Structures are given as C-alpha cells and as structure tokens.
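Chains as they are written, first to last, in my numbering: chain E, 441 to 869; chain B, 441 to 869.
Please note that the accuracy of each hint is not assured.
Listed next, the in silico DSSO-like pairs over lysine-lysine satisfying Cα-Cα at most 30 Å (straight line) [to be verified]: (1) B/K721 to B/K620; (2) E/K721 to E/K620; (3) B/K471 to E/K721; (4) E/K471 to B/K721.
So these bits of chain B aren't anywhere near chain E, every CB distance computed over 10 Å [said to hold, decoys possible]: (5) D625; (6) D638; (7) E665; (8) E666; (9) D668; (10) A692; (11) R696; (12) W790; (13) P795; (14) P802; (15) R861.
The hints are simulated quantities; they were obtained by calculation from the structure and are not laboratory data. Just so we're clear, the structure is a prediction, and the values are computed from it rather than from any experiment. Virtual Cβ for every residue (Gly too), placed ideally from N, Cα, C.
Number of protein chains: 2
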Amino acid sequence: MSLREDGPAALDWAARYLERVDGLPVLAQVKPGEIRARLPASPPERGEPFADVLRDLDEVILPGITHWQSPRFFAYFANSASEPGILAELLAATLNAVAFLWRTSPASTELEAVTLDWAAQLLGLPQGWHGHIEDTASVSTIAALAAAREATGGHVVVCSEEAHSSVERAARLLGLETRKVPIDDEFRLDAESLDLTDAAAVVATVGTTSTTAVDPVPAIADACEENDVWLHVDAAYAGSAWVCPELRWSQAGVDRADSLVVNPHKWLFTPMDCSLLWSRKPEALRAAFSLVPEYLRTGDEAESLSDYGPALGRRFRSLKLWTVLRCYGREGLQARIREHVRLAELFEGWVRDEPGWELCAPRRFSVVCFRRDAGDEENEALLARINASGEIFISHTRLNGRYVLRLAIGNERTTEDDVRRAWDVLRRA
Amino acid sequence: MSLREDGPAALDWAARYLERVDGLPVLAQVKPGEIRARLPASPPERGEPFADVLRDLDEVILPGITHWQSPRFFAYFANSASEPGILAELLAATLNAVAFLWRTSPASTELEAVTLDWAAQLLGLPQGWHGHIEDTASVSTIAALAAAREATGGHVVVCSEEAHSSVERAARLLGLETRKVPIDDEFRLDAESLDLTDAAAVVATVGTTSTTAVDPVPAIADACEENDVWLHVDAAYAGSAWVCPELRWSQAGVDRADSLVVNPHKWLFTPMDCSLLWSRKPEALRAAFSLVPEYLRTGDEAESLSDYGPALGRRFRSLKLWTVLRCYGREGLQARIREHVRLAELFEGWVRDEPGWELCAPRRFSVVCFRRDAGDEENEALLARINASGEIFISHTRLNGRYVLRLAIGNERTTEDDVRRAWDVLRRA
Chain E
441 MSLREDGPAA LDWAARYLER VDGLPVLAQV KPGEIRARLP ASPPERGEPF ADVLRDLDEV
501 ILPGITHWQS PRFFAYFANS ASEPGILAEL LAATLNAVAF LWRTSPASTE LEAVTLDWAA
561 QLLGLPQGWH GHIEDTASVS TIAALAAARE ATGGHVVVCS EEAHSSVERA ARLLGLETRK
621 VPIDDEFRLD AESLDLTDAA AVVATVGTTS TTAVDPVPAI ADACEENDVW LHVDAAYAGS
681 AWVCPELRWS QAGVDRADSL VVNPHKWLFT PMDCSLLWSR KPEALRAAFS LVPEYLRTGD
741 EAESLSDYGP ALGRRFRSLK LWTVLRCYGR EGLQARIREH VRLAELFEGW VRDEPGWELC
801 APRRFSVVCF RRDAGDEENE ALLARINASG EIFISHTRLN GRYVLRLAIG NERTTEDDVR
861 RAWDVLRRA
Chain B
441 MSLREDGPAA LDWAARYLER VDGLPVLAQV KPGEIRARLP ASPPERGEPF ADVLRDLDEV
501 ILPGITHWQS PRFFAYFANS ASEPGILAEL LAATLNAVAF LWRTSPASTE LEAVTLDWAA
561 QLLGLPQGWH GHIEDTASVS TIAALAAARE ATGGHVVVCS EEAHSSVERA ARLLGLETRK
621 VPIDDEFRLD AESLDLTDAA AVVATVGTTS TTAVDPVPAI ADACEENDVW LHVDAAYAGS
681 AWVCPELRWS QAGVDRADSL VVNPHKWLFT PMDCSLLWSR KPEALRAAFS LVPEYLRTGD
741 EAESLSDYGP ALGRRFRSLK LWTVLRCYGR EGLQARIREH VRLAELFEGW VRDEPGWELC
801 APRRFSVVCF RRDAGDEENE ALLARINASG EIFISHTRLN GRYVLRLAIG NERTTEDDVR
861 RAWDVLRRA
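Make the full structure from the sequences, and use the hints.
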C-alpha cells in the first residue's frame, strides 16, 4: 500500500464524492446502531487492501453520513470544506508536523503566526494581536476563560441567555460559575442588566447560534473596562463576515476585546478543525498554560504556540487556512460571503411575503429564523418530515418559548436553485 | 481549482516528499523568524493558483520543517504518519463531517465506537469500556481529570515526578492541586510514598516520557480502590506496545483503571491527531461535559460523543485509525512494534559495549537513555552538534540531575541502517 499505488483511487473517490453529493440524502437516513451493526466486531489479523476501505466507505459508511458538503445542508451553521482546503489537509497529514515547540516545526509555528496576521487584516482587526489556532471554539473559549481567570482572579463568567452552550461548559470545566444576563427583544444581551460582581469575564457574542444576534459590544466593553473584567468576543460564525466591509457594523467595539474567537471552519471554507483565537493579552494565556519540563527545554529564542492553549501536540492546521486564503484571495472570499447573505435575504423575503409563514428574528447575516403560523407541534412535525425526505436538512431553535425553524446558508456550493428548492420543499410539506 | 485539476499534483507532492524525506536534514536548520521573513506580510487580493502553494511549500516552507517523517527522527517519541492514515485524512477532510451530535454524523460516531472496540481488542484491554477520540493526550487527561473531580469531589491530582507535564497543566486548568510523589531508582512512582489526602485522582504512567518507566499500577490501584480515588493511566506512548502479547507485562493492573489514554498518533502509525480515551465510568465524563441546549436537542436515542470531552465540534478522526488497523492488521502492527523494540535493544547493546558511554535508565520499549561518560556540558554540546548536522535528530532529558541523551525509535520507515548511522554519528561527534 502506498500513496503512489492507492492515492489516485482515494483522490478519485474524493472528487467523485463532491460531484455526486448533491444527489445524496442530506440527513443520514439511518437508525442508531445501524452502521455499527454492519461493521465487523473485530479487527483483521492480516492487513487488507486499501481498496477494501474505499469499497466499505461507499457501501457501509456513506449511508450513515450526514452530508455537510451537500449544497442543501442548511442546519446549524452550514460549514463546508473547499477543495484547496481538502488538499492542504492531505499535505499536512503527509508532513505530520507536531508543533509543540518551535523547533519541532518552525515552519508551521511561523506560518500559523503569519496566517493569523493575514486573517486579521482580511477581517479588519487591530494589528498586533497575538493569534493562534485551536481545534474548536469550545476549546478557544476554554483557553480565553482560563486566561481571564488568571488575569482577573474573578470566578464568574457572564454571558447572555443566548450565548453558546460551550461558554457554560468551559466555565464548568474551569470551576467558574456562569451568570446569564437577559436578552432584549432582538435576542441581544441587555447591557443594562450586566452584573459584574466577582466576574472574571464577559463573553459577548457577535452572531449568536440561535438567531445570529449581535450583542452590544461597545456598551459591554465600557462595563468591562470600568470593572477590570476580561472581554471575550465569540464571533465563531459571524467573524468571517467581516471580510466584507459592509458587514463590519457588527464589529463595533471588538477592537476593545481581550480575546476573540473566529472559526474559519464555519464560514471561510476551511475543513474542520480550525478555530482562531486572538488576544491582546497573550501573557495571560501564557500564565495559564505555559509549563516547560526539562525534556522540552531548548535554547531556542522563539515562542511555542503550545504555551497558549490546552493541547501540547499541535497539528499543522495553518496550512489549510493559508491555502484557502491564497486560492480565494480577499475578493473570492468576499464574493462567497456576499452571495450567502444575498441568498438568505432572498429566502427571508419569500417567507415574509407568504401568508401562513412568519419570520421570528431579525436576519443579520446568512441565517433565517422562521416558522409556520401554527403550533409548536406542527412546526416540529414539519421539520421532521422535511429532514426525513433527505432533500434538505434544516435545524431548529426555541425563541420566546416557541419552536422555530432555522435555515442557515454557508456551504460553498449552495446556489439560488438550492435555496429555492428548500423553500419549495418547506411549502409542500 | 478543483480536486480533479490540482489533486494529482498535490498527491504527487506528497508521494515525492515521502520518497525524498530520507535525504533532508531531520531538524530544520533555520533561525527563529527566518521562515516568517520569507512570507508575504499580507494576503492576496485575488485568488492564486494552487500550484503556487505547492511551489512555496517546497521553496519557503520545507526548509523550516523538522521532518517527523524522516526515518532518522529519534527525538521525543518518534511519531509517524503511515500512507493509509494519510489517505484517510484526505477522505475525512472531503467528507468534512462535524460529529457533535449523533445525527450530524451517525457513521463517524458509530465508527468511532467500533474502532475503539477494535483497538481495545488489539491491545488486550477489558471489554465494555467506553472509548472515544480526543486530539491529544493533554486533552484526554483534562477530560479524565474533570471526570475524576466530578466522581470524587477531591481537589488534588497525585502523580510521580516523572509524569508528563500535561498532568500538571490539566490540573491547573481544572483548578486542582498537583501532588508529586517521589520515584524509585528505576524512575517509577514509589507506591510507598503515595499520599491520597483530598485526592481526586492518581495518574499512573505506563511509559514515562523521560525513560519509558512503568509505574507500579497494581499497587496504585489498590490504594485508589481503598480510598475511592480515580485511577487514570497515561499510556500515551507505551499503550500501543500492548498489541504484542510479550509486552503486556506493562499492562498489569491497567484493567482496574477508571480511565486510560493511548495515542495511536504516537506509535500506531496514525497521523496527528488521535488520542484514545477509554473509561469504565463514562457517566462521570458525561456529568462533567454534557449540557444540551435547545438548538442541539433531537429525539435521537443515540449517544453524542461530544458529551465526553471539552470540544463540541468533532472531526472524523476514527477514519484514519480504522484505515490503519485494517491495512496493517494485527500482524502488521505487531511486526512494526517488534522491529522497533529490537532496534532499540540493538542500540542499547552498542552503547553498553562501548567504552566512554553509559546507559542511564532501564530500556523498557523503544527508547534508550544514555550519555557520554563526561560532564553535562559535553553531552549538551554533543547533542547540539549532532542535531545541527541534520543527519539525525535526538532529544534529551535530565535524570538524577544529569543531562541525558534519548534515542527514541518509532518511525515506520526506520531501519537497522538508520539506527546504525545514528550510532556512527554519535561516536564521530
């Protein structure tokens, strides 16, 4: 088995998958345990040909895949992995760099710094922030809150009721309390209700998961500065939108954050996993994480990015983001984000104009919250029916106690036809 | 840009890299900042051809890569990414599954469970443990200790002075204290000195980072059981050796662990990142991490692996391990591990028989600790000279206050000739 022998078949499988994913049911149409039951209970004694793996990928695994790469994946935030990003992952796995110290992979350590600077420029962020890559926003948030605890000594994390569940998970892991602030009628943190007693950090969200609401960051920053509280901004989804100047209204106040997370694997066409964490107080991250034992000591006067987060071993994740930024350029990224926002706007208009349907939250970016003008049960049944059809996959949330449907656009391959088809499927159902 | 157009060039780059890595300097011969200075300070406005990325990979990035894939990488633990594993990473990036809930990727969730069961069988572990994949042992340890805190209410983590630094990092993150127990004359935790007052967990190491010593797990398990303390076993490196029955002496007592970490990216030829965490008390992991908000609620009666660790978004990591286990089979894995142990034994013999050199710790698996019979400065200078030659890359540790060289064998491509050359280089220097 070798890249020369089996690589072409693997590559062909990958290309063919992307060519046919449009025709596959978006949500996997299997029951729990069904895939498992089709797999052998024990590993083979002797090596098998790689071709058998590819065959089983088609016959056994694929029916159990929910196709995030489908142009009609409209659930959660619709991530997608672009082709330059996919090839970069092949290259990263080939190099297999383990960048826990600078010297164990100088190029990936330095490319990570450069790529984060590039991303900061593309998104219009302040110069000079320290940036590095974590796997997910959950872990970026853990790192940011650990730094906040270190810097402030506080033991409460403050966020809105609409903040992502990973904030509470991170606080619990760190032994911190979570204090939830009410929201206003547009699902934004109500800055008037901020109570910063014993606070280590406020997590402000730009683009909440339910409705993509934008918390009033300038007012939150005022309060944080007055009380010496760390301001962490969670722009995991919406931060990518800042590549378009016309969407930077949502960046107001973010320049005053102590830390910021943006996930290019969400809306910058970079394969999982790639979560960017910037901070203007990197010394607090180092204080939380740096600990150098003898067997890792070197005379190198260069920073090791493992000093800034929970993991020691670090994959060459910057390669895929660097590749995507280069192959698309600023213009290419802007064009895709703009098209997604345009498609969401279009869909929003269809819902608004159709009797029997209602919009449930202001649309800020590429997510529309809506429902049938009917009870929760009917909307819930509608969602189940649609997802069971395999034609599209959408998810839900609950707003003001009501069951609400969400259509999220973010897949690189999504076209106006796909969004129109989603609307047709919804109306038919 | 597409997989069809640019994929063959990327694949050829990868294959060519593996063909020529033997001829490249193992440790990157660059100074801090050198790679960064060769990269543009700003991202491009317009997209660039993928071919430019490949060109820069050769011209700019490669000189800054420390070649973990080189057969003469003998530093730390010598990881390597096998070709089946590399191709599986291409496929995983193509599918781009984000398995935070079962339904968002049933196949990757279930394949992860199956693959962990396969691995448990290969390593001779008890049946029925719950297993999942984290990125690194650092994060697996965080998850295990969070579960221990949840299960016991203790606030001290006990480990030996030779435990990996990630234990102390994890404890600090969780707001727990670390208590270090002295070691015996073979660098094993001295079970007589165990003090379990207020302990949440003991971390026992099978295969310490410095010398691959094996802590007395049965005695530690006795103490943990008596005191209701969680036993976490760190076998990140040495656990892979259990694929060979003759190396399972080091597994004594591990069946009594509450949690266990083994990293196939260390010594099972799986690309970074793949850290396996098993537990016989999965409910404690769930208690530490599960928190399901409305927008993630589904009616599926199936477990979501994000309930067992810090990250919510989960890459399709099981695919590469499953592929490696299939393409190598039990016999293929055993043959490679045995050969590495044989080569380490050979090297150990050469050192033992050569006047002017000494062995510094018992060899248990594929790592040899040794030094010139001379002062620390001379050994340190020797290491620097050798690594600067680019011919081999080895690392060091400190034992009983003395500077000690380490030769670690683990790269799939390492042959007897490579080890012989390492010895020649060392003697010449």
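Here's how the hints hold up against the structure:
Proximity of B/K721 to B/K620 is assessed by CA-CA distance (about 25 Å); at most 30 Å being required, the pair is judged to hold. The straight-line distance between the Cα atoms of E/K721 and E/K620 is roughly 25 Å, inside the 30 Å bound, and the hint therefore holds. For the proposed pair B/K471 and E/K721, the alpha carbon gap of about 26 Å is at most 30 Å, so the pair holds. For the proposed pair E/K471 and B/K721, the alpha carbon gap of about 26 Å is at most 30 Å, so the pair holds.
Distance check on B/D625: its Cβ is at least 19 Å (rounded) from any Cβ of chain E, clearing the 10 Å threshold; non-interface status holds. With a minimum CB-CB distance of about 15 Å to chain E, B/D638 clears the 10 Å threshold, and the non-interface call stands. The beta carbon of B/E665 sits about 26 Å from the closest Cβ of chain E, which is more than 10 Å, so the claim that it is off the interface holds. The beta carbon of B/E666 is kept farther than 10 Å from every beta carbon of chain E, the shortest such distance being approximately 27 Å.
The beta carbon of B/D668 is kept farther than 10 Å from every beta carbon of chain E, the shortest such distance being approximately 21 Å. The Cβ of B/A692 sits about 24 Å from the closest Cβ of chain E, beyond the 10 Å cut-off, so the non-interface label holds. Consistency note on B/R696: stated as away from chain E, and its beta-carbon is indeed over 10 Å from all of that chain's, at 24 Å minimum. No Cβ of chain E comes within 10 Å of the Cβ of B/W790; the nearest lies about 23 Å off, and the non-interface call holds.
For B/P795, the requirement that its beta carbon stay farther than 10 Å from each beta carbon of chain E is met, with the minimum near 27 Å. B/P802, annotated as away from the interface, keeps every beta carbon of chain E farther than 10 Å; the closest lies near 17 Å. For B/R861, the requirement that its beta carbon stay farther than 10 Å from each beta carbon of chain E is met, with the minimum near 21 Å.
Hint compliance for this structure: no hint is broken.
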